[in-house]
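Q: All chains should be modelled from the sequences, with the hints used to inform the complete structure.
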Amino acid sequence: MIDRFRHRTRLDVRFRDIDAFRHVNNASFFTYMEEARVRYLVEVLEVNAVERMPLILAAVKIDFRAPILFGQEVEIGTTVDWIGRSSFSMSHRMTATPDDRLVAEAETILVAYDYAAEGPMPVPDAWRAAFTAWEGRDLTRPVQPAATAG
-6 MIDRFRHRTR LDVRFRDIDA FRHVNNASFF TYMEEARVRY LVEVLEVNAV ERMPLILAAV
54 KIDFRAPILF GQEVEIGTTV DWIGRSSFSM SHRMTATPDD RLVAEAETIL VAYDYAAEGP
114 MPVPDAWRAA FTAWEGRDLT RPVQPAATAG
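Residue numbers (the working numbering): -6 to 143.
These aren't lab readings, by the way, just hints derived from the structure by calculation.
Some hints here could point you the wrong way.
Stated by the list, open to error - The calculated label-pair distances, taken between Cβ atoms and stated as ranges, are: (1) Arg1 x Ile49: 21 to 27 Å; (2) Glu44 x Glu66: 27 to 33 Å; (3) Phe8 x Glu36: 25 to 31 Å; (4) Arg78 x Phe14: 41 to 47 Å; (5) Thr125 x Val31: 17 to 23 Å.
What the hints assert, rightly or not - Derived lysine to any residue pairs resembling SDA-like cross-links, with alpha carbons at most 20 Å apart: (6) Lys54 x Phe23; (7) Lys54 x Glu68; (8) Lys54 x Arg7; (9) Lys54 x Ile76; (10) Lys54 x Arg15; (11) Lys54 x Leu103; (12) Lys54 x Leu95; (13) Lys54 x Gly77; (14) Lys54 x Ile102; (15) Lys54 x Arg(-3); (16) Lys54 x Ala105; (17) Lys54 x Arg134; (18) Lys54 x Phe8.
Beta carbons: idealized from backbone N, C-alpha and C, even for Gly.
A: If you want it as structure tokens, here you go:
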């Protein structure tokens, strides 16, 4: 269900995305997600795509569900799941035409990064406000329970 993914990006499959097995190479899925992530940030944060965003991609987890073929179009739903002190999580859900078949689901962690200090920085308050307003829900990162000794 793509409903929680308010932001959507539609992309055409390009010939260069196809591998020897005649479907979209797994590496291209990451490029599609990157494009969707950038479009989300541009729209929600109201920034120019070529501005230097103080972000680094810290982690990606992707589950491939089905192949994508040349000539299909993909739709990537993107959402912010939570915001921590210096990081936030984005999820992506990719479907393919003509039947809106689920092809991949992914989670990413992005870190607000101070390039001059070469380290993480707090997620700007303006970003928190923009993400929360766009998503329409509390995005506070859930508290992780402390590990207990056995």
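Q: Does each hint fit the structure? Answer for all of them.
A: We went through each hint and held it up to the structure:
1. Arg1 x Ile49: 21 to 27 Å: Distance hint for arginine 1, isoleucine 49 holds at roughly 25 Å.
2. Glu44 x Glu66: 27 to 33 Å: Roughly 28 Å apart at Cβ, these two residues keep to the hinted range, so it holds.
3. Phe8 x Glu36: 25 to 31 Å: holds (28 Å)
4. Arg78 x Phe14: 41 to 47 Å: holds (43 Å)
5. Thr125 x Val31: 17 to 23 Å: holds (20 Å)
6. Lys54 x Phe23: holds (10 Å)
7. Lys54 x Glu68: holds (18 Å)
8. Lys54 x Arg7: violated (24 Å)
9. Lys54 x Ile76: With a Cα-Cα distance of about 17 Å, the restraint between lysine 54 and isoleucine 76 holds, given a limit of 20 Å.
10. Lys54 x Arg15: violated (24 Å)
11. Lys54 x Leu103: holds (12 Å)
12. Lys54 x Leu95: Judged against 20 Å, a Cα distance of about 16 Å means the pair holds.
13. Lys54 x Gly77: holds (18 Å)
14. Lys54 x Ile102: holds (9 Å)
15. Lys54 x Arg(-3): holds (19 Å)
16. Lys54 x Ala105: At roughly 19 Å apart (the allowed maximum being 20 Å), alanine 105 and lysine 54 satisfy the hint.
17. Lys54 x Arg134: holds (18 Å)
18. Lys54 x Phe8: With a Cα-Cα distance of about 25 Å, the restraint between lysine 54 and phenylalanine 8 is violated, given a limit of 20 Å.
Violated hints, listed in ascending order, are 8, 10, 18; each of the other numbered hints is respected by the structure.
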